[in-house]
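K.L.:
If you read the protein sequences in the order shown, they are chains A and B.
The numbering of the first sequence is numbering that gives the first Met the number 0, which starts it at 0 and goes up by one.
The numbering of the second sequence is numbering that gives the first Met the number 0, which starts it at 0 and goes up by one.
One or more hints might be untrue.
[Unchecked claim] Below, simulated DSS-like cross-link-like pairs (lysine-lysine); rule was C-alpha separation at most 30 Å, straight line:
1) A:K101 x A:K130
2) B:K113 x A:K58
3) A:K295 x A:K130
4) B:K75 x B:K135
5) A:K235 x B:K75
6) B:K152 x A:K235
7) B:K40 x A:K235
8) B:K142 x A:K235
9) B:K40 x B:K135
10) B:K135 x A:K58
11) B:K142 x B:K40
[As the list claims (entries may be wrong)] Covered, in the sense of this in silico footprint (three residues per stretch, anywhere, with C-beta under 8 Å from a C-beta of chain A), are these stretches of chain B:
12) 69–80
13) 96–104
FYI, nobody ran anything at the bench for these hints, they're computed from the structure.
Glycine included, C-beta positions come from ideal geometry on N, C-alpha and C.
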Amino acid sequence: MQTNWRFVLPAAIALTASTVMAQDTQIRGFADVTYRTGSKGTPAPAFGLGQYDLFITSKLTPQFRFIGETVFEYDGEGFIVDVERVIVSYTPREWFKVGAGKHHTPIGFWNNAYHHGAVMQPTIERPLMFKFEDEGGVLPIHTVGLLLSGNNIGVAHLTYDFLIGNGIGSTPISDNNRSNSYTAALRSQITSTLEVGISGYTDRAGIGTVNLAGDTLALNMTQRMFGGFVSYLGAKNELIAEYQRVMNRSEGARSHDTDAMFIYAGHRIGRFVPYVRYDMLGYQPGDPYFAVNDTKMALVGGRYDFGPMTTVKLEGRRRDAQDIGVTRDLVAQVAIGF
Amino acid sequence: MRMSRYVATILAVACLTIAARPALAQTAVIVHRSSAVSDVKLDDLRRFFLGQGALAANGRQVILVELSPIRTRFYKRLLGLSPDDVRRRWIGVVFRGDALTLPFELDDATAVKKFVAEHPGAVAFVEVSDLDDTIKALRIDGKRPGDPLYPIK
Chain A
0 MQTNWRFVLP
10 AAIALTASTV
20 MAQDTQIRGF
30 ADVTYRTGSK
40 GTPAPAFGLG
50 QYDLFITSKL
60 TPQFRFIGET
70 VFEYDGEGFI
80 VDVERVIVSY
90 TPREWFKVGA
100 GKHHTPIGFW
110 NNAYHHGAVM
120 QPTIERPLMF
130 KFEDEGGVLP
140 IHTVGLLLSG
150 NNIGVAHLTY
160 DFLIGNGIGS
170 TPISDNNRSN
180 SYTAALRSQI
190 TSTLEVGISG
200 YTDRAGIGTV
210 NLAGDTLALN
220 MTQRMFGGFV
230 SYLGAKNELI
240 AEYQRVMNRS
250 EGARSHDTDA
260 MFIYAGHRIG
270 RFVPYVRYDM
280 LGYQPGDPYF
290 AVNDTKMALV
300 GGRYDFGPMT
310 TVKLEGRRRD
320 AQDIGVTRDL
330 VAQVAIGF
Chain B
0 MRMSRYVATI
10 LAVACLTIAA
20 RPALAQTAVI
30 VHRSSAVSDV
40 KLDDLRRFFL
50 GQGALAANGR
60 QVILVELSPI
70 RTRFYKRLLG
80 LSPDDVRRRW
90 IGVVFRGDAL
100 TLPFELDDAT
110 AVKKFVAEHP
120 GAVAFVEVSD
130 LDDTIKALRI
140 DGKRPGDPLY
150 PIK
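Isolated chain A, as found in the complex:
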């Protein structure tokens, strides 16, 4: 019997196409609106749009996955599109995953746990030490590169991350020197509520790299950092404490060390969580890369969770910064996810 390929071939193509298209793609989004009013030295009272974050996940095959996170935000001159994460990962086992793309650098707890959706994080804004790069943040929040990681390993329930990527001064498509950045992190989920971790980072920035003060480096510079965290997220009580020391060293010169830390504590009473947080950034004068501006901030606030993705927060803050002295402000935020 002859096979009638006029019917078989289109059917085969249709079947293959439907199989390929049978991916589990989910789109989520996050947004927030704030109102801010403050003392002399702070901007005029105003409402503000936060980051409008679109988050896409897709199961491409049983082991291949995609994550994309794109933020629409106002940069002072207009709305811009910022691609924050694009990751294709291969996950054959829970203890071994390979991801290529733009990641949140696995430094500390906050940068792993909370990304760009304000509703997910316990306070209105990120700690000073974890501000994004385009906000003058001191840590490399994002890295384009290759990440090896694994979760829930052994009796200590370890998680490891090793990331090699484009470093300081690079772009999402190119590196400005032949040195890669390296990040290594190790965490232990000691109990279901208690986690501790340590991390280390190293990179070299070449002559001509623009630093955070807006100047260009006259010498090659090595940046190293190490730190740790403890987080307790129980049913009633929450505690997160993190520390990083950043060591910037120009060629032939001594190291300039920056200490960055915060501690957060909250207590849940039904849907309401009152909380406090203390932040500190301490620089050394003459740092070749950072804009030196010692800052301490204390805030007291509360959040009310109307649902898993709907929360209202209110904070009073006192900031003492080297450049402008003491300022106080009151900030309210409604943050949602969908």
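With chain A held as given, fit chain B onto it using these hints.
P.N.:
Using the frame of chain A, we list chain B on its own:
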């Protein structure tokens, strides 16, 4: 004599009722009958329901199914959290890329058991009174559902 027999009967009925009540109020965690897992530690179970361990040993994504009518009680007893808190934590897990999907809900135990029986990677919870031989109930810290020392009451 008649009074003491009457009192004894009342006491016996009361004792049986009290003895039976913990078993009826218990929640069992169920998996596919072919699952290699039969006994879990309580803290490992808590980790799992918080999304801290999302993959099975064979690399498959584990599917978590919630029975809506008892979800609140189950999470309160196991984790001390509300369903909203659990959902928020799971969204965070998905957000980090450690899981692809959130737990999903079904409204009755029959549907839950049918799903688990048909999906080897599924994990769910039902009332102990709904257990049958289509699925397997996990022991927790060595205790079977119905045991007075079973941790999830």
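K.L.:
Decide, hint by hint, whether the structure agrees.
P.N.:
Consistency of the hints with the structure:
| no. | hint | verdict |
| --- | --- | --- |
| 1 | A:K101 x A:K130 | holds (17 Å) |
| 2 | B:K113 x A:K58 | holds (24 Å) |
| 3 | A:K295 x A:K130 | holds (14 Å) |
| 4 | B:K75 x B:K135 | holds (23 Å) |
| 5 | A:K235 x B:K75 | holds (12 Å) |
| 6 | B:K152 x A:K235 | holds (20 Å) |
| 7 | B:K40 x A:K235 | holds (23 Å) |
| 8 | B:K142 x A:K235 | holds (27 Å) |
| 9 | B:K40 x B:K135 | holds (16 Å) |
| 10 | B:K135 x A:K58 | holds (28 Å) |
| 11 | B:K142 x B:K40 | holds (10 Å) |
| 12 | 69–80 | holds (count 3) |
| 13 | 96–104 | holds (count 4) |
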